[in-house]
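Undergrad: Given next are the chains, with one letter for each unit.
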Amino acid sequence: MLHDAWRSLVRTTSFMGKELREVWRRPGVLASMVLGPFLIMLLFGLGYTGARAAFRTAVVLPADTTLPQDADFYEGLAPGRIDVVNVTQDESAAERDLRAQRVDLMVVVPQDAVNELRNGKQTEFLVAWNEVDPVNDGLAHLAVSSMTAEINAAIIRSAAAEGIDIAEGQLGPRVTNISPDVIAKPTQAVTQNVSQTEPSYVNFFGPAVLALVLQHLAVTLTALSMVRERLSGQIDLFRVAPVNSMEVLVGKYLAYALLSLLIAGVVGALMIFGLGVPVLGGYAASLGLVLLLAFASLGVGLLISLVADSERQAVQLSMLVLLASVFFSGFVLPVEDFIGPVQYISYALPVTHGIATLQETMLRGTVSSWPMLVALAGIGLALFAISLVRLRLILRGAR
Amino acid sequence: MSGVTRRFNGLTAVNDVSLQVERGTILGLIGPSGSGKTTVIRMLTGTLEPSEGELRVAGQVPRRFSRSTRERIAYMPQLFSLYPDLTAEENVGFVAALYGFSWFGRTERIRRALETVDLWDARRRRAGELSGGMQRRLELACALVHEPQILFIDEPTAGIDPMLRQAIWSELRRMRDEGRTLLVTTQYVGEAEYCDRVALLDEGHLVANDTAEAMRQMVFGGEVLDLEAESDVRPEILTDLREVQGVRSMGRGRMRITVADAGSAAPILLEAFQSAGVRVISLDEYQPGFDEVFAELVRRRRAERDGAEADQHRAA
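Protein chains in written order, with my numbering: chain A, 415 to 813; chain B, 6 to 321.
Among these hints, one or two may not hold up.
Derived Cβ-Cβ restraints for the label pairs, each shown as a range [unchecked claim]:
1) A/Leu-460 with B/Arg-116: 52 to 60 angstroms
2) A/Gly-647 with B/Thr-244: 53 to 61 angstroms
3) B/Asp-266 with A/Leu-645: 52 to 60 angstroms
4) B/Arg-131 with A/Ala-796: 31 to 39 angstroms
5) A/Leu-645 with B/Thr-216: 34 to 42 angstroms
6) A/Trp-420 with B/Arg-179: 28 to 36 angstroms
7) B/Tyr-291 with A/Gly-647: 37 to 45 angstroms
8) B/Ser-175 with A/Leu-645: 42 to 50 angstroms
According to the in silico footprint, chain A covers these stretches of chain B (three or more CB under 8 angstroms from chain A) [claimed, not checked]:
9) 48–56
10) 65–79
11) 277–286
Derived contacts from chain A toward chain B, CB cut-off under 10 angstroms, selection only [claimed, not checked]:
12) Arg-425
13) Val-437
14) Trp-438
15) Asp-579
16) Gly-647
17) Gln-730
If you're looking for bench data, these hints aren't it; they were derived computationally from the structure. Ideal placement from N, C-alpha and C gives every residue a C-beta, glycine not left out.
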């Protein structure tokens, strides 16, 4: 009994040793696996500011207007959001510039707006843009909204000042002196972010990149390992030898888990000590999450390697998993923004749970998403079981 | 194996083959490419299930080999199936570990296996960097490392130079002499002489299963003598001799004579020719090559098959 268990352990570790040696023999691959992700993250952290350039804006004034011609005046209506490059009275020229994308926004001030207002009519002013990027489209709406609020506040401020003057003239000093600014903007928010981590792109995306890199490496490495053995005839040796599917699978899991941990350790260390990403939840908890994510990701890779017909297909499937992970995992776009059925795809990916829980653990110091941890473990176990059954069928040979 | 048939998508790769291999012998499975040799080996190793028939290896059905039986078996596949990035030593070590030998227990075995195939000096070279012949030897070392009792070896000499082929066969025979049982496939029919018995396969059919010498006798009906004379020889001279089983003219003054025993028949034939006034230049025993023997056996089987098919057509 003990002898059998010992031999089983020898067989299992033989796979581990063999896989690690094979990877070790390709130092270039190993180096790019470790340094590549870190360099990408470094470039992203250093190169991405997150700030969008202000919209290049043309302001079209009516003929014979008394309104200011100064670009700074109009930029002050939406500070940081618009960059007034042209104040003109030629609407056609401004529109040509907009269509030719020489300007991003065109604001047309109406004729006789003051009199219309004094006559109790709402004044409309045209703001036009020429945008195909949905994010910029949304930002243009935001800039216009901000501009409108500022113009409305200026009008209220002016009217309030006028009203106070009239009231003081008729009633004398009994009039309560309220500033027109308060009347125009009676409330003002005082903001505070209670998070322990200062929001920054490097901090926020650091754990996400770690999770994505870990899943991608685990999937890619394992996806190729078994498919090669199946196609080159090595599987026939396993079929004849006294080795079972559990020993093969556990051996491979151990090898690639160790390798994933090594890579995650190096990338994590560079991230933490090189880029200053915090680990508020502690190293032990983060390591536990990395292990869980590696376990589930290895399952994805092994399953690919057991169903793929060729190395090319295994690589293609790995890339599909990466592509799905970038779009649906919450790495770029929040998972909640997708419709219900698509969210199932998101939650079927180990990295979705990995990103959320690693961000929580490292940046907030707590894990409140216990269902995500359970889901991650569940995905790992389910994939292990499916891979085991599939490998058992393969080892049994053709019928 | 008894009455074993294997079909792939309606195509019969092995057709009603029955074979028995004695312990401590080499059975050579010989036949042209695509004759079903590898399919037979794969069924015997349990990697393929027969469509019909019964198989037993060491008393067990291959598809249900116990672990202890697997530990006594080795399989060397036809294609290079080792790990090119691992060294020769690591490849053998990995296979030894598959058979449960720990690092301490396998070091000596690895050395022995590599020395056996003359690869000890190349032990630190990666398998992918070895020549084709060295790779075949490395695979043989992997098959030997756990000292199996039964070896299934698929085309061990394919694509290997004649010198190395001889070396591999002498190693296989040495293993046979140690009491191991070997089933070896080859498409080089000349290698039949290294086997204790030969099973000749053609288009999935077992054409013959005997010793190589018996097959030669089967083809020629006995031993063969080649006569060369100064003038034409009339076959009637030999008609009354009971030692003579067949006569075939081979051209002017040349004749091929089949006899039961060449040694005893030769003086009788010489006397008969002398009596008939024929001046004999030479009378030598002819040893037909195995190529010729097997080609003839295959030709006969195919002629039988064609005849049977023609009968079927006529009946239809």
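Undergrad: Please go over all the hints and tell whether each is borne out by the structure.
TA: Consistency of the hints with the structure:
Checking the proposed 52 to 60 angstroms range against A/Leu-460 and B/Arg-116 shows it holds: the Cβ atoms sit about 55 angstroms from each other. Our hint of 53 to 61 angstroms for A/Gly-647 and B/Thr-244 holds, since their Cβ atoms are close to 59 angstroms apart. Roughly 55 angstroms separates the CB atoms of B/Asp-266 and A/Leu-645, a value that falls within the hinted 52 to 60 angstroms. For B/Arg-131 and A/Ala-796, the hinted distance range of 31 to 39 angstroms is satisfied, since their beta carbons lie about 38 angstroms from each other.
The hinted window of 34 to 42 angstroms between A/Leu-645 and B/Thr-216 holds, with their beta carbons roughly 39 angstroms apart. A hinted range of 28 to 36 angstroms holds for the C-beta pair A/Trp-420 and B/Arg-179, which are about 32 angstroms apart. Separation of B/Tyr-291 from A/Gly-647 is about 43 angstroms and conforms to the stated range, judged on CB atoms against 37 to 45 angstroms. Checked against the hint of 42 to 50 angstroms, the C-beta distance between B/Ser-175 and A/Leu-645 comes to roughly 34 angstroms, which is inconsistent with it.
Given as covered by chain A, the stretch 48–56 of chain B passes the check, having 5 residues with a CB less than 8 angstroms from a CB of that chain where 3 are the minimum. By the rule of at least three residues with a Cβ nearer than 8 angstroms to a Cβ of chain A, the coverage given for the stretch 65–79 of chain B holds, with 7 such residues. For a cut-off of 8 angstroms, the count of residues in the stretch 277–286 of chain B with a CB near a CB of chain A stands at 0, and the three-residue condition is violated. The restraint placing A/Arg-425 at the interface with chain B holds, with a minimum CB-CB distance near 6 angstroms, inside the 10 angstroms limit.
At a threshold of 10 angstroms, the smallest CB-CB gap from A/Val-437 to chain B is about 9 angstroms, leaving the interface hint in force. Satisfaction of the interface hint for A/Trp-438 is found here, the shortest Cβ-Cβ separation to chain B being roughly 9 angstroms, below the 10 angstroms cut-off. Checking A/Asp-579 against chain B: minimum C-beta separation of about 89 angstroms lies over 10 angstroms; hint violated. About 4 angstroms separates the beta-carbon of A/Gly-647 from the nearest beta-carbon of chain B, less than 10 angstroms, and the hint is met.
Hint status for A/Gln-730: violated, given a least beta-carbon distance of 23 angstroms to chain B, over 10 angstroms.
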